[in-house]
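Visitor: Line by line, the protein sequences give chains A and B.
Each residue of the first sequence is one higher than the last, beginning at 1 in my numbering.
Each residue of the second sequence is one higher than the last, beginning at 1 in my numbering.
What you were told as hints is all true, and nothing was included just to trick you.
With the Cβ distance kept under 10 Å, some of the chain A side facing chain B (calculated, not the full set):
#1 A49
#2 N95
#3 Y98
If you are wondering where the hints come from, they were derived from the structure by calculation, not from laboratory data.
Here the structure is a predicted model, which is why all the values come from computation and not from measurement.
All C-beta atoms, glycine included, are put in the ideal place defined by N, C-alpha and C.
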Amino acid sequence: QQQVKQSPQSLIVQKGGISIINCAYENTAFDYFPWYQQFPGKGPALLIAIRPDVSEKKEGRFTISFNKSAKQFSLHIMDSQPGDSATYFCAARFNQFYFGTGTSLTVIP
Amino acid sequence: KAGVTQTPRYLIKTRGQQVTLSCSPISGHRSVSWYQQTPGQGLQFLFEYFSETQRNKGNFPGRFSGRQFSNSRSEMNVSTLELGDSALYLCASSPWTSGDNEQFFGPGTRLTVL
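Based on the sequences and whatever the hints tell you, model everything.
Guide: Structure, rendered in C-alpha cells:
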C-alpha cells in the first residue's frame with residue numbers, strides 16, 4: 001500500500017511557467033514532509049521540506065503548500081527552467097521515510 | 001565535507017548469487033538508511049541503522065540484511081538473488097540529532113541480476 005500518493009507521473013512545462021506536483025497521505029502521524037530532486041545517475045537531493053504546523057514554505061523559486069485538513073501537500077516551481085528538468089519525489093516521515101513514486105519534470109526551452 | 005559514498009557503483013550478478021553493497025556516511029553521521037529504487041515504485045525503505053543497531057525495517061524478505069560498523073559505515077547483503085532484485089540501491093545518512101531529519105543520499109549502486 002502506497003503511503004504517499006504522488007501525481008502526476010510526468011509533467012512538461014514551458015520555460016518560465018509554473019510546475020505543480022501534488023502528494024496526498026493518510027497517516028496523520030507523519031511529522032515531516034520533504035521534497036527531493038533527482039538527476040540521472042545521482043542520488044536524490046533534498047530540495048525543501050515542511051512540518052505540519054506550517055501551511056507554506058518558500059525557498060527561492062520553490063514553494064511547498066501544505067493542507068493539513070485535506071492531508072495534501074504540493075511543490076510549486078515558479079519560473080521553471082530547463083535545468084529544473086529532473087525527477088521529483090515527495091516524502092513523509094513517521095519512524096521511517098515513505099516516498100511517492102516520483103514525477104518526471106521536463107522544462108522545454 | 002565529503003558526501004555519502006557507495007561502492008561499487010555498478011554490479012552484475014546472476015540469479016541465486018549473493019551480493020554485498022557498501023556505504024560510507026558523511027563524517028559524524030550516525031544514522032544510515034537503505035532504499036531500493038525501481039521505476040514506477042519510487043524509493044522503498046529497506047532498513048535503518050543507528051549506532052550499530054537496526055532501528056527500523058521495511059517490508060522486504062529476510063534475504064535482505066544489513067549491518068553497521070562502529071565507524072558508522074554500513075553494508076547491505078542480498079542472498080539468493082532474484083531477477084526482481086535488479087534496482088538502484090541507495091544509501092542515505094543522517095546526523096539524527098534532535099529535530100534534524102534531513103537525509104543525504106549517495107549516488108547509489110546499480111544492481112543488475114541476470
